[in-house]
Structure formats: C-alpha cells, structure tokens
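K.L.:
Chains as they are written, first to last, in my numbering: chain A, 875 to 1152; chain B, 110 to 243; chain C, 216 to 444.
Hints were generated in silico from the structure; no laboratory data involved. Being a predicted model, the structure only gives us computed values, none of them experimental. Since no wrong hints were added, every one of them can be taken at face value.
Reference excerpt, derived from the structure (chain B facing chain C, CB under 8 Å, subset only):
hint	residue
1	N118
2	R119
3	R153
4	N156
5	P159
Glycine included, each C-beta is placed from N, C-alpha and C at the ideal position.
Residue strings, one per chain:
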Amino acid sequence: MKNYLKLLNFEINRFSKLYFLMLAIIFSVQLISVFYHIFSYLAFVKMETKGGRMTPEQFLAEHFPFGLSNVFYTRGFLIPILIGVVGLILYVFFIWYRDWMARNTFIYRLLMLPTSRMNIFYAKLSAIMLFVLTTVGIQLIFLVLYKKIIEWFIPVVYRDDLSITMAVVTSPYLNTIVPAHLSSFFVAYGLGLAAVIVVFTAILFERSFQLVGILYGLLYAVFSFVLFSLPLVVQLLMFETLYLYADEMFILMTAIVIGIIVVSLLTSRYLLNHKVSV
Amino acid sequence: MHVKLNIDNRSPVYLQLIEYFKEQIASGKLAMGEEIPSRRELARTLNINPNTVQRAYREMEEMGLIYTDGNMPSKVTRDETVIQKVREELVQDALEHFVSTIKTLQIPLEDIYPLLEKTYREKNGDKADGGEAK
Amino acid sequence: MIEVKNVKKSYGRKAVLRDISFTAKKGEITCLIGVNGVGKTTILNAIMGLTPIDGGEILIDGKKLTKETYEKVAYIPDSITMLPSMRIKDAFAFMNDFYTSWNEKRANELLTFFKLNLEDKINSLSKGNKMKVNLLLGLALDADFILMDEPFSGIDVFSREQITKVFTSHLIEDRGVIITTHDIQEIEHLIDQAVILDNGIILKSFYPEKIREEEGKSIIDVLREVIDR
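Construct all of the structure, not just a fragment, from the sequences and the given hints.
P.N.:
See the structure below:
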C-alpha cells in the first residue's frame, strides 16, 4: 500500500507541471471567451436600445437574456474543454510510453522496484482518474467565477440568472461530465475507469509483444467493447426492441463491465509480471 | 613499498606476485619485519582481482615468507633462515635457467667461467648490490 | 549464486540465445565476453526479469526471481535508470523510499569518491559521470549480487580508472559480480571467471588463473582458440 502511494505521488508530481500549464491554457481561453461574449452582448444591447429605439422589455422580447447557458455553447468555451479531453486521453498513453521512450530508461527502475508491479499500474490509473476529476472540479469552480463575472457586468434586467446546477444539467456536453444524479456519476466515471483499464491492458500487450502486440491490444479493446454492447445489440437483433427492463439491463451491463475490469486487471498483471520487456 | 610489476598474461598472476615478493625479500629491498601493503591496496595498485592477491598472500604465509598478527597488516618474516633459503632458491632457479640455455650451445664449462666473471663485473660496476651468489 | 540454465530467447524469428548456461558465485567476478549484439545485455535483462525468456530457467540463490530479489540483486545497465530531469539527491531520495537495502552512507561516500554533487542535475552530466551515478545507485544497495552491463565502454580513460578502482575495493568484496564486455584487455586480471559467448551459446567458461597455471595461456589466447574452432 505504501509503495502504491509513493508511486502515485511520483506520477502526480511528474505530470503536474504540464498539467497546470494545460489548465492555465484552458481556463484563460474560457475566461477571455466569457469576457468577449459579455462585452459583445453589452455592445449589442447598447446598439439596439440607443436613443430609446427599444426598451429593455422590447429588447428581451426579440432577443434573449444573457446567462451562463449562453457561454456554454460558444467555441471559446467548448474548444478548451476539447483540448483538455484530448490532452488527458493522450496522457493515458503517454503515461506509459514516456517511461520507455528514447534515452529514458526509467522503466528499468520501475520494473526493478521491490514491490508488486501492479502498484505501478494502479498508480498510473489512479493518477489519470485524479487528473480527470480535478479538471472537472476546477471547471466547476470556474463556472462559479464566470457566473459572478456575468453578475458584475450584465445589468440584472438583461440577465438570465439560471443556477449553475440548472445550466449544467441542461447543457448537452456538460451534463455528461457532471451528471445530475449521483448514480449517473458513478456510471459515467465507472465506464471511464473501465475504458482506461482496457486501454492500459492494450498498451501492455503492445509492450509485451511489439508489432503483434499492437494487434493483440486492438483486438482486446474491440472485444471488450463488443462484449459491453452485447446486451443492447442482441436484444435489438432478436426482438427488434428492448426486451429487458431498464433495471435488468443496468444490472447486466454493470456485471459485464465489472467482468471486463477484472479480466483486464488479471491480464495486465500477467503481462506485467511475465511478458513485458524493456 | 612501491610495487612495480609487469604482469604476464600467460602465467598465473598469484605466482608472479609470489616471485616478485621473493625477489624483493631476497634482495633486501623488502626488509625483515617490514610491512607489506594490504590485500586490497595491492589489488588496487596493480588493478588485479583481490582474490588473486589473497591467494598469493596465503601461500606466502604458508611458506613462512610473511606473517600476520591479528588485524595488523602483514609483515615480512624476521626469520633469517627463511630469507636465506629464498635467496638460495632464487639463485638455484637462475642457475638452472642459465645452464639449460647454455647447454644447447654446447660451450665447455671452462670457457663459461671467464665469461661469467666478466658479465658479472660489468653488470655490477662499482655498486655493492645485495643478494650476491655465494 | 546465480544459476543460468539452458536459457533460450528469440526476438521473433531470430534466436538470440540458443542455450545459455553458466553460474556466477558470490565473492567472484564473472565476466561475459562477446561481440556487440551477441546477447550479453539480453542475458542480464533476463536475469533481472526485465525481459522474458522462452526456455530454461534462472535461479538466484536457488530460487526464481521475486520482487524481494530486487533488494538482493542490483543491476547497472549501460544507461542511467533515473529521470534525466532529476537531481542526484532526488535519485537518492527515490532509492531510499523504495529499497530497504539502500545504504545512504555508502551512497554519499561514493558520491565524494566520484567527485559529484547532490545538486547536480543528471541531464547535465557527461557520459562518464552519468555512468558513475548509475554505478553508484547500484553499489549503494546492500545487494549480494551486482550486474554491470559494459561498465567501461564509451567513457573517458579517467572515469575508467575510477571505475576500475571500485572493482578492487571493499565495495565489491564478498559480492557476486557479473559484468559484460566486448574488450577483455583492460580487465584481464580483474576477473575470476570468464564466459565466452558466441552465436547464442557459451563457447567456453573457465577460470583464467587456472588456465594460466595449467596451460600457460592468456584469456586472449583462449578466445582465439575457441573462436577459430
């Protein structure tokens, strides 16, 4: 346990510089975007209501008030999120490959530590999950900030004071990463965890068998996905409709996902202990 | 003690070490009771395996050439008879080597004596060297 | 002792190790001799569990490799096993964190001997100094066995001198050492046992002092003989 924590600490420290740089980029772009849209809106309001051409009520009847939701659909908001997502997905691979790359033979040191090799796996897995959750958490904190900024600059009459919760829940992108219900939260992040575990296993296949390993890895990932979607597909094919109740589907799929996770961990352990090569 | 030894790759190193010490002791360059370097120091100076030095020292102790008091560094023997015996051995070795070389040339013994004397004087010059053949 | 028994390994179709057997005892320096690419590094990697073998077995003190073995066997590969961005003191902290057999006192002694500093950044060191740090990290462990891959190749003569001194010091005493080299000349007199590799097999393993005594041959003589066959 102690070694796992030490490795986790190590992994976190290693990525932290790059990570904070990424966060800085994401949130400065979002911040700038928020200001830009606020001032665009204010300029537009000024233009339309200048010299009493329109009253605020008339304006609001034709155009919409400004709130957080407005920001959510802008490129300046979504593209940074995309950058974050892509960055983290790349790191899922990079977190392993960086130890093997070029003149870096740090993988020798990791594999020769007097500790279970799965601790390396779990440390990298936990690090990824922590970075993902932290990013989401920080995004939420910034949402609070953006709301405050909107309150400061947009007069109340033009404001759409939707609560953050409502804004998030009604936004199609955000409600996937910040689900409304706790159960959905576990489902979404549980699936994410399973996906990362499957990718890690695929990576270990490649590191164990080189060229052929890429094939094995891909096959493994595809197979896992097929297994996962089996309940849905089978039902649709056989009955052309959903035969099972939602609850039953949920239990079945959870069981499948847990099965995939367990098999992946066992496979990874075998590969790490017996097949992986420097 | 400043050890200078050209090691031959084709004969056992430990024997070469022993030979070297024998020569140093017989010629008096290593005095009776004088300290010799520790195994590790010698290995380090000569860049050779400490196990080899260990073996040489062990045999020299068995031969009575050196002795070790507890944890103190090893010293050359104080026993005159041992040193004398070593001198005789070295001389005998040299003589045997000389004679077997000469034999093939089939030079009569009488002709050898003057040559021997001449060469000996030339080599020694005025220097009084230790370890003369008796 | 470390026993390598009938080890086989192939990379794809190419059989690098066809039948490798030898023993390295504690208190002795065993040297694997062979040209570059013959598989010396592969053997060391295999002993350390860093690459799987396709056949045969490797026993360390009679047992197969486990995670505890890493406290007993130190590996010094030919490139440094720490992150280049680390300072030497970070590397020390890392080793101290994970290995109970890490001897901080000895590590600092070696640091002084090699004239390096805790604050030095690894990526700012010369190749010779990097090798010394690598050596240091392995020697500072209270390990029974030390494996070194080409400790003398590609470094300047002064660094080589320093590293040679290590072999004749208390740091190596009583430990079992396996080193690899393609050039035996410089260390002809340092080794206890020589193991000649060629073409995936062991051509001959012998004790040079014994061969010198019994056959009047040097290591290089034996090499010539065995390769010509």
